[in-house]
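**Student:** Chains A and F supply the protein sequences, listed in that same order. The first sequence maps to residues 1 to 637 in our numbering. The second sequence maps to residues 1001 to 1245 in our numbering.
Because the hints were derived from the structure by calculation, they are not lab data. Don't take each hint at face value.
Residues from chain A that face chain F, not an exhaustive set, calculated with beta carbons under 10 Å [unchecked claim]:
1) A130
2) S279
3) P544
Only a predicted model underlies this, so the values are computations on that prediction, with no experimental measurement involved. Ideal Cβ positions, reconstructed from N, Cα and C, are used throughout, including at glycine.
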Amino acid sequence: MNALNPRIPSGPVRDAWTRTKEELPLISPLRKRELTILVVGTGLAGSSAAATLAEQGYRVKVITFHDSPRRAHSVAAQGGINAARPVAVDGDSISRLFRDTVRGGDFRAREAGCHRLAEISSAIIDQCVAQGVPFAREYGGTLATRNFGGSLVSRTFYARGQTGQQLLYGAYQALMRQVQLGRVELLPRRDLLELIRVDGVARGVICRNLLSGALETHTGHAVVLATGGYSNVYFLSTNALKSNASAIWRAHEQGALFANPCFTQIHPTCIPSGDPYQSKLTLMSESLRNDGRVWLPQRRQDSRDPETIPETERDYFLERQYPSYGNMVPRDVASRRARELCNEGQGVGPAGRSIYLDLRDAIRESGRDVIEKRYGNLLEMYERISGEDPYAKPLKIYPAPHYTMGGLWVDYHLMSSIPGLFVLGEANFSEHGANRLGASALMQGLADGYFIAPATVTAWLASHSGPLVTQDHSACREALAAAQTRIARLVATKGDTPVDQFHRQLGLTMIERCGISRDAAGLSQGLQEVRELEQDFHARVRIPGGAEGPNLELEKGLRLSDFFGLAQLMLRDALAREESCGAHFREEHQTPEGEAQRDDEHFAHIAAWEYQDGADPLRHSEPLQFTALQPSTRSYR
Amino acid sequence: MTPTLSLTLRIWRQEHQQTKGTFQTYTLKGLSPDLSLLEVLDQLNDQLIRSDERPIYFEHDCREGICGSCGFLVNGQAHGSQRATTVCQLYVREFQDGETVTLEPWRAAAFPLIQDLAVERSALDRIIAGGGYCSINTGQAPDGNAMLIGQEQALSAFETATCIGCGACVASCRNASASLFTAAKLAHLGQLPQGQPERRSRARSMQAAMEQEGFGSCSSNLECEAVCPKEISADWISWMNGEAR
Ligand SMILES: Cc1cc2nc3c(=O)[nH]c(=O)nc-3n(C[C@H](O)[C@H](O)[C@H](O)COP(=O)(O)OP(=O)(O)OC[C@H]3O[C@@H](n4cnc5c(N)ncnc54)[C@H](O)[C@@H]3O)c2cc1C
Ligand code: SF4
Ligand code: FES
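Isolated chain F (complex conformation):
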């Protein structure tokens, strides 16, 4: 028998943006260390439904750290204290037996609350719509090998391209800035030959979109980098600042 744990969850409950929210506390016993935190919420929801209460609303889908759906503050930190992790990849074994864990939604003006632990992040899509692409129509592409791209360069572009749009960087920033998200996309496309023609206009228009959505500006407190599940470096933010000029 593997030992089991008990956890006390303090969870932010709020019906919708207009109503007032509060923390509610639930204790779960006999949890397997192999369960993910989201599976603990599933288990809690199972109990809530059986006792005819409204289950906790949280976003999730892939449950393997790649879709960017999940995300809330765990003990005040976006996606919890573990390095390079989304909440769906947090496992019970990372917590102490009997620990109280506080869960609350991302807080940022550009991310309106939906319910409980979920917020609306479509502002990030609008930043991408602001220019986060190479303007190429289908069927007009040249041979992919005609353009040689060094291994290191391809890898560096890839690493910035791995941003999953989870919004943790915004939620952890005291100005609720989306700079890391935007810089990541600019760095992805700006490091590749395909991204060169629109490089400067892309930087300008994406930064303008970011401001328009009500994200704050970056004051270099580096919290974003610390919580980013894909470990995107905040150095790209300073790189971005050089791009639009």
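Chain A on its own, in the form it takes in the complex:
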């Protein structure tokens, strides 16, 4: 195991990235042509990285689960992307975005990383505009912005409710341009099953071709993972159904440290769940909180039609409890308050598990067409799913697992603890701390892919560019055999129960034990339950068909077997972190007002877990230093 060196530049965080870039070694264009980089994942992070590395002259092989890069889960992001551009009159600046990000993450993120993100943010918007991303514009033709949760300035750029789609298409088009130029080899419909390490260095991957079932070995001089987040460990989540933890989990088992696994963002504004066969939860962008007011009837179990409940009998609880931020409090705060009130019986909808998000006043003030223009597609989606008209009735919403702040530990160069393995986007743990503010994931994914990794991967390759490993290398053969064994084991089980049934059960356990709020007893209980479920899975799962050809159940089975390991790590991490911070709310640690109680003396660090074969994982920690900002209690009141 390498010592945990985050390689944070010394000196003031301002300009730290500029100073770093100036010192990073470069590689001549001629040599770049001889170097192969494997990029796994084609979301915002992967596509932007692959396109940029190819522009620089590397040979890039892009591996993705989807049939087309355009379908990566980033396509679903609705609300927008933050950037510090002093465009409006509200006085935004890099230092303000930096401050909001560190504070939003409840002082569990690195200052240097957050500052770099704020510095780069503006260039991201320029890059995307140049690619033709049709951001919303003001009448005068300048870029439009809006507000987002956890912030008091308007710095969120958007393309109606489809910002992720438009940003992804921009990156995808840049990638396809490189495919056409012959600099990128695109390998879609491949599932990463193993990482290949040679002398401790990442040198390749084993993938399953999802159509033929064949196992393939791909080698490169560096490996970049941009495989997204893992909140599907909860089964019901806002993530696309194929989002998974497999790639990062395989890397973790090979020695990459896993940081802050328990930090999961529960998003406050999702359409609540209904039928037991429901397969996912749909997000309603929180930008709706700009115009929508959150409330519940004051009376418990009030089953009246919401429109008939008079103003005086409504509890606009966020506005009441948080006079300065009101409906715009960060996600963890909003989620917790919703859950509490529902637990107390004040909730509405099926099983009292919903709250109202009401657009009535905004429609009255600005008119229906303005609201329609702003949120049209979201509201249409809501109507289709719920069967109710959101222009006439308040929306019913409830918190749902959404984004994972945890992920593989990376240093300032985005390199994991396995040399040569870089991790970008939601797959890494960086920048968001214990809580992610809205519109900051897209920003981070694109900063990683367009600007940071291209510089740091080059720096690493400058001194690690030996000959390419060949497929008959023992390390490749061992990794291939390991993948074969895992598949064979699943196919041979021939039990009687489909994969989904185990996944649903895992999800229920995780949301109950490691969801919006946690306590020691529940977490220990959860560990026990997941262990048992995992054993049960391996004894009773049924995967019809064999290893050849397309086999969706095999794909799901492989993914779920990795989720079991990850779920246990999440529970352990939550148990070890004896404090409340951001999205991690330990019932034992709260202020008299019910707010999160941080323990900076003992927990101002990143937890980084080391995998141990056959034994409990080891917890390492990377202390966090705050020099530009003083840790303070987060208050949105």
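Fit chain F with the ligands to the given chain A structure using the hints.
**Tutor:** Only chain F with the ligands this time, still in chain A's reference frame:
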């Protein structure tokens, strides 16, 4: 208790491109009106797996109408009869109790069958590779505000940019033409100042790519517009025809 429905699904089953396919019929009872059609297929697959049969292969991912993965013919219509909808956004409540619903894959020469309800649509990616981008390298971008773009213009470009590459337009066209897909991308980039320098060459090369992939030509029967889940107007096809000249 909300009332439940029963549906009979006639589903095209085909092991792979080389084998012969047939319709098979399955009846599901007690379905909640709040389930999506894909969740009904999940439920059916659950039963098939338990009885040791091969589950139905269909593509899906986001299940919220944005990734473009899902898509097959529902009662002969791409994504079903509902306006502006992908199949993942079709809900049981839209069907009649006891209705028989026929599901079959997209049919187009450029979309080879994978299995059951899934086809390979990578030909659409190759059309984009044929020129559907602005040639700008990372780090060379000018200030995004230096170029003023009127609100209406930005919105119109955005609306054509929302194409999700689902392929419904191709599947519903009697010539299996990809004109709506291609026109949408050309209109997105062609309406913005950033897209001007390559405007004509883009139109030519993307249309050439379209032909090369074996898509048919447009004969203006407008079925594409009728099924497009993103309601992209077929007027853009005539606009496209003016572009390459
Ligand atoms: C509904 C929704 C709305 C959101 N809205 C916003 C928003 O408004 N603003 C914001 O900032 N953020 C938002 N987010 C968060 C943001 O969208 C994501 O964090 C971000 O897009 C992740 O990008 P990524 O590139 O890291 O991963 P992804 O886009 O998830 O891409 C992962 C890629 O990896 C590939 N992959 C995964 N596993 C494997 C494997 N085993 N083998 C091969 N390939 C693999 C996939 O095919 C895919 O290409 C939202 C998220 C959701 C779910
Ligand atoms: S134009 Fe419409 S129907 Fe055709 S691929 Fe795009 S979204 Fe689908
Ligand atoms: S599953 Fe994504 S559009 Fe239907």
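**Student:** With 10 Å as the cut and Cβ atoms as the points, is P544/A at the interface with chain F?
**Tutor:** It holds, given that the least Cβ distance between P544/A and chain F is near 6 Å, below 10 Å.
**Student:** Please check whether S279/A passes as an interface residue: C-beta within 10 Å of a C-beta belonging to chain F.
**Tutor:** Cβ of S279/A sits 5 Å from chain F, so the hint holds.
**Student:** A130/A was flagged as interface toward chain F. Is the shortest Cβ-Cβ separation under 10 Å?
**Tutor:** Since chain F brings a Cβ to about 4 Å from A130/A, closer than 10 Å, the hint holds.
Going through the hint list in order, the structure satisfies each hint without exception.
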